[in-house]
Amino acid sequence: MFLFGITGYSGSGKTTLNEKVVECLRSLGYSVSCVKDAHHQVDLDTPGKDTYRYRVSGAEQVILRTPDRWALMEETPEGRKPLGDILRAMKPVDFVLLEGFKDDGDFPRIEVSRGPHKEAPLWTKRGDIVAVASDTPEGIPPGMPWLNLNEPRQVADFIVSLRDSWMKEKDNVKE
Numbered sequence: 001m002f003l004f005g006i007t008g009y010s011g012s013g014k015t016t017l018n019e020k021v022v023e024c025l026r027s028l029g030y031s032v033s034c035v036k037d038a039h040h041q042v043d044l045d046t047p048g049k050d051t052y053r054y055r056v057s058g059a060e061q062v063i064l065r066t067p068d069r070w071a072l073m074e075e076t077p078e079g080r081k082p083l084g085d086i087l088r089a090m091k092p093v094d095f096v097l098l099e100g101f102k103d104d105g106d107f108p109r110i111e112v113s114r115g116p117h118k119e120a121p122l123w124t125k126r127g128d129i130v131a132v133a134s135d136t137p138e139g140i141p142p143g144m145p146w147l148n149l150n151e152p153r154q155v156a157d158f159i160v161s162l163r164d165s166w167m168k169e170k171d172n173v174k175e
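FYI, this note's numbering numbers position 127 of the sequence shown as 127, with every residue one higher than the one before it.
Hints are computed from structural coordinates only; laboratory data are not their basis.
Remember, it's a predicted structure, so these values are computed and weren't measured experimentally.
Any given hint could turn out to be false.
[Claimed, not checked] Derived DSSO-like pairs: lysine-lysine, alpha-carbon spacing no greater than 27 Å straight-line:
#	residue 1	residue 2
1	LYS49	LYS36
2	LYS168	LYS91
3	LYS102	LYS20
4	LYS102	LYS125
5	LYS81	LYS49
6	LYS91	LYS102
7	LYS36	LYS102
8	LYS81	LYS36
9	LYS81	LYS125
10	LYS91	LYS36
11	LYS91	LYS20
12	LYS36	LYS125
13	LYS20	LYS36
14	LYS102	LYS81
15	LYS81	LYS91
Work out the full structure: start from the sequences and follow the hints.
Take a look at the structure:
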């Protein structure tokens, strides 16, 4: 599994880009999974429904199974589940696209940027930003690859190329 992050400030277009990149990678024959890191509370369950009632009664894990999919909900009173634990629970795929994760994780990422922000660009704070996807290359430092936010195939090709380079490097490491 090759982990790759799509990060940026709220409203920058991360989810839209991620969705289109998934479609591009799938059209190229790759298997893809996604993990979204939400910075606020989200409840995927519906109050009053059976699975909700199981959770509030104290069940540590609740699985909902339908003919088309299944979902596992797990309470984490100790705080966010570590990304490594989540990844170990996932089935192997070619790419895992991680959305968000501005403040943690050790993997290459693209910063999605649309318009001016009050805060400094993430590439000024993190050393693992390998490219910036935006509407225009304006303001991107020399040497930092610019990807057109409106060309998801370009972004997908960049991710595949980075993965291929990483795998070649990994194969050349002698133990």
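Tell me, which hint numbers fail for this structure? none
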